[in-house]
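Peer 1: The chain contents come next:
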Amino acid sequence: MKKVCKFLLKVLGKLTVIGLVTFAVTFTIYMTNAENKLIYYVVRPFLNKHYDSQVRDRRIV
Amino acid sequence: MKLLDKMIAPVDKALERFDPLWQAEHGVGGLRSRYYDKTGVAKWREWRGVKSTLVDYVAWINNLLAMAQMVASAPVPILKGFWEYRWMGSYLGTFMFIDRLFEGFRGPELKIAHMNMHAIVQSLTKKIAFGLKNDGRLGGGPDTENIIPYDETISPLFLMGFKGLYPFPMQTLPEFIICDIDQHIEPYYIDVAESFGLPADVCSRCAAETGVALDDAFLKVGKVMLSTNMPCNASEATSMFQRRRIDKPDFPITLAMQHQAPEAIPYSRATLEAAIAFVEEHYGVKYDWDEFAKYARLLNEQNNIELEKWEIFKTPYSALCGIAETLYRLYEWQSVNGQESHFNKNDRKVIKLMRKCYEQKHEPFGGKTRHRAFLWGPSAVYYCDFPTWVQNCWGINIVLNMDSTMGFNMIDTEDRDKGMDDLTALTQRATMRHHAVGGWENVNAVWEWAKRFNCDMVLMNDNIACNGMLGVHGMMEEQARDLGFHFIFIEHDLQDSRTVSRQDMRNCVNNYMSVVLGEKPLDPTLVEFDDSDAY
Chain A
-13 MKKVCKFLLK VLGKLTVIGL VTFAVTFTIY MTNAENKLIY YVVRPFLNKH YDSQVRDRRI
47 V
Chain B
512 MKLLDKMIAP VDKALERFDP LWQAEHGVGG LRSRYYDKTG VAKWREWRGV KSTLVDYVAW
572 INNLLAMAQM VASAPVPILK GFWEYRWMGS YLGTFMFIDR LFEGFRGPEL KIAHMNMHAI
632 VQSLTKKIAF GLKNDGRLGG GPDTENIIPY DETISPLFLM GFKGLYPFPM QTLPEFIICD
692 IDQHIEPYYI DVAESFGLPA DVCSRCAAET GVALDDAFLK VGKVMLSTNM PCNASEATSM
752 FQRRRIDKPD FPITLAMQHQ APEAIPYSRA TLEAAIAFVE EHYGVKYDWD EFAKYARLLN
812 EQNNIELEKW EIFKTPYSAL CGIAETLYRL YEWQSVNGQE SHFNKNDRKV IKLMRKCYEQ
872 KHEPFGGKTR HRAFLWGPSA VYYCDFPTWV QNCWGINIVL NMDSTMGFNM IDTEDRDKGM
932 DDLTALTQRA TMRHHAVGGW ENVNAVWEWA KRFNCDMVLM NDNIACNGML GVHGMMEEQA
992 RDLGFHFIFI EHDLQDSRTV SRQDMRNCVN NYMSVVLGEK PLDPTLVEFD DSDAY
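First to last, the sequence lines map onto chains A and B.
Taking our numbering, the leading residue of the first sequence gets -13, the next gets one more, and so forth.
Taking our numbering, the leading residue of the second sequence gets 512, the next gets one more, and so forth.
Hints in this document: simulated from the structure, not taken from any laboratory.
We put the CB at the ideal spot given by N, CA and C, even for glycine.
Be a bit skeptical, because a hint or two may be false.
SDA-like cross-link-like pairs, simulated, lysine to any residue; straight-line CA separation at most 25 Å [claimed, not checked]: (1) B:K524 <-> A:V(-3); (2) B:K591 <-> B:Y677; (3) B:K872 <-> B:I816; (4) A:K35 <-> B:H695; (5) B:K644 <-> A:D43; (6) B:K637 <-> A:E21; (7) A:K0 <-> B:K591; (8) B:K731 <-> A:D38; (9) B:K1031 <-> B:I816; (10) B:K731 <-> A:N34; (11) B:K591 <-> A:T14.
For each label pair, taking beta carbons as the anchor points, the in silico distance ranges come out as [said to hold, decoys possible]: (12) A:F9 <-> B:E952: 50 to 60 Å; (13) A:K0 <-> B:K562: 24 to 34 Å; (14) B:P760 <-> A:V7: 31 to 41 Å; (15) B:E1039 <-> A:A10: 10 to 20 Å; (16) B:G995 <-> A:F9: 50 to 60 Å; (17) A:K0 <-> B:E656: 48 to 58 Å; (18) B:S584 <-> A:F9: 20 to 30 Å; (19) A:K0 <-> B:R528: 31 to 41 Å.
Could you put the whole structure together from the sequences, leaning on the hints where they help?
Peer 2: Now the structure itself:
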């Protein structure tokens, strides 16, 4: 019984640590608006460059 | 709960100087202070106090998970979609869009706003994944041939009678929703259309749709196309361009323009029945009334809840207001239209919260509302986050948008004959059809609606390229004077933010509020700012 309790406490402890680290990381990304900065300054300019280089068939038939 | 509030209170007090609403009240900043100039990129997210910040954070996580789920459900088509379609890139602006929509929201109004928005995000992400997975241009999928592509202004409920087929709104992903998220996307498609000689003074929504068609940016799905004359005569033209480009058997669902006349019902009903026969013929599937009735009951429930919401809107104690009301109602009615039961679940939760707030006499936005406005506005209210801005800057609460008064009649699901008439009446009253189409009485009804919702102000979006509505400009101003409403015309070019910028639109309100009413802004940082490079 003691072993099971110890094991459960260990799992619970690990889950708490994982939860806290996940919260700390995601909350930091959230508060610093990091994902939007990445999208605006890096991802979208890269994608726009690609879209601008596309050759689209716009012939009217 | 009260103990938790007591524990949080000192933290809130210590951090209140970071709250932009507190900053605006104390003259040391405001909601615009945390942005980089022009871009609309915030240096950090809004501090709303411990509880509301956590509500916003959890909503952000939930939306992030919905998007991750979308990518996981169809990773290759999603990646191909990003590479193929310019409009897909614009969806990356969704988080910024949601942030700016709910700026200044706190407490129950924030919670409800996020509940509504999350329902939309869930629905849209599923739609994007399903569409791209079956897009013929990307290789197709198991349901490519089972999709019924239709013009997004047709209410799709009647198509739910085809078991095993999937109605899909053609313009919603590449044109309509995305113009709300990114002000720079539709000008690209407008330019494509105009490069072929389409005049620059036509409705920019129609020009954008035409450009999407010419750019081959519509998904390639289904066996036929259901086009329409809705909402207005400009749509007839764009339907003609699209049907030529899409090059599939097309059925134009032309519903009566004078849709409130009694003779409109038999005429429009015959068109709907012919459309049903057309789908039956091309897909080889029989129409199933019982299947349809299942979804009609869902829409009836949504409309029933909506009518209860309207009763609360009439009071100062509605926790659902502004953009959270207008955008949700538009999406729930026009795009969902009874098809997705999770919207019913959301509505039940929201109305419960609204009832509670009403009983507690909770005034939204800290009771700072100075005017109650009825909005007569289309898409432009979204790409400039208009309802949020007018509340935060001038204390004008958008109580209801005219577009929210789309078909709210109930459908008889037992008596098929009566049900068909009800369905026809509902289908005729789709987006924009109540206020901008159907004769002078419809346009003029805005005063009656504003009065019914105890509004002292009417904000009317003036689409400078809408030839139909330009004619009534002077008459509306005269009526407003006679009836004693504060009345502001807000010029815009619908989906082309180059012609009338967001700041130009805001200036229409700024001028009226400062010059005519002599009022001071709640947040001076919002009066004039440059967001021309923002999504």
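Peer 1: All the hints need checking, so say for each whether the structure fits it.
Peer 2: Now for the hints, and whether the structure bears them out:
At roughly 37 Å between alpha-carbon atoms, B:K524 and A:V(-3) are farther apart than 25 Å, so this suggested pair is violated. Between the alpha carbons of B:K591 and B:Y677 the distance comes to roughly 22 Å, so the proposed pair stays at or under 25 Å and holds. Taking the CA atoms of B:K872 and B:I816, the gap is about 20 Å. The hint holds against a cut of 25 Å. Between A:K35 and B:H695 the CA atoms are separated by roughly 15 Å; this keeps the pair inside 25 Å, and the hint holds.
For a cut-off of 25 Å, the pair hint linking B:K644 to A:D43 stands: about 23 Å separates their Cα positions. At roughly 22 Å between alpha-carbon atoms, B:K637 and A:E21 fall within 25 Å of each other, so this suggested pair holds. At roughly 39 Å between alpha-carbon atoms, A:K0 and B:K591 are farther apart than 25 Å, so this suggested pair is violated. A C-alpha spacing of about 22 Å is found between B:K731 and A:D38, which places the hinted pair at or below 25 Å, so the restraint holds.
Using a Cα cut-off of 25 Å, the hinted pair B:K1031 and B:I816 is violated, with the two alpha carbons roughly 37 Å apart. Restraint check for B:K731 and A:N34: the C-alpha separation of about 23 Å stays at or below 25 Å, so the hint holds. A hinted pair counts as satisfied when its Cα atoms are at most 25 Å apart, and B:K591 with A:T14 does not qualify at roughly 31 Å. For A:F9 and B:E952, the hinted distance range of 50 to 60 Å is satisfied, since their beta carbons lie about 56 Å from each other.
Between A:K0 and B:K562 the beta carbon distance is about 29 Å. The supplied range of 24 to 34 Å therefore holds. The hinted range of 31 to 41 Å is not satisfied by B:P760 and A:V7, whose Cβ atoms lie roughly 57 Å apart. The hinted window of 10 to 20 Å between B:E1039 and A:A10 is violated, with their beta carbons roughly 38 Å apart. Restraint check, B:G995 to A:F9: a C-beta distance of roughly 53 Å satisfies the suggested window 50 to 60 Å.
Against the hinted window of 48 to 58 Å, the Cβ-Cβ separation of A:K0 and B:E656 comes to about 50 Å, which satisfies the hint. At roughly 26 Å, the beta carbons of B:S584 and A:F9 sit within the given window of 20 to 30 Å. In this structure the supplied range 31 to 41 Å holds for A:K0 paired with B:R528, their Cβ-Cβ distance being about 38 Å.
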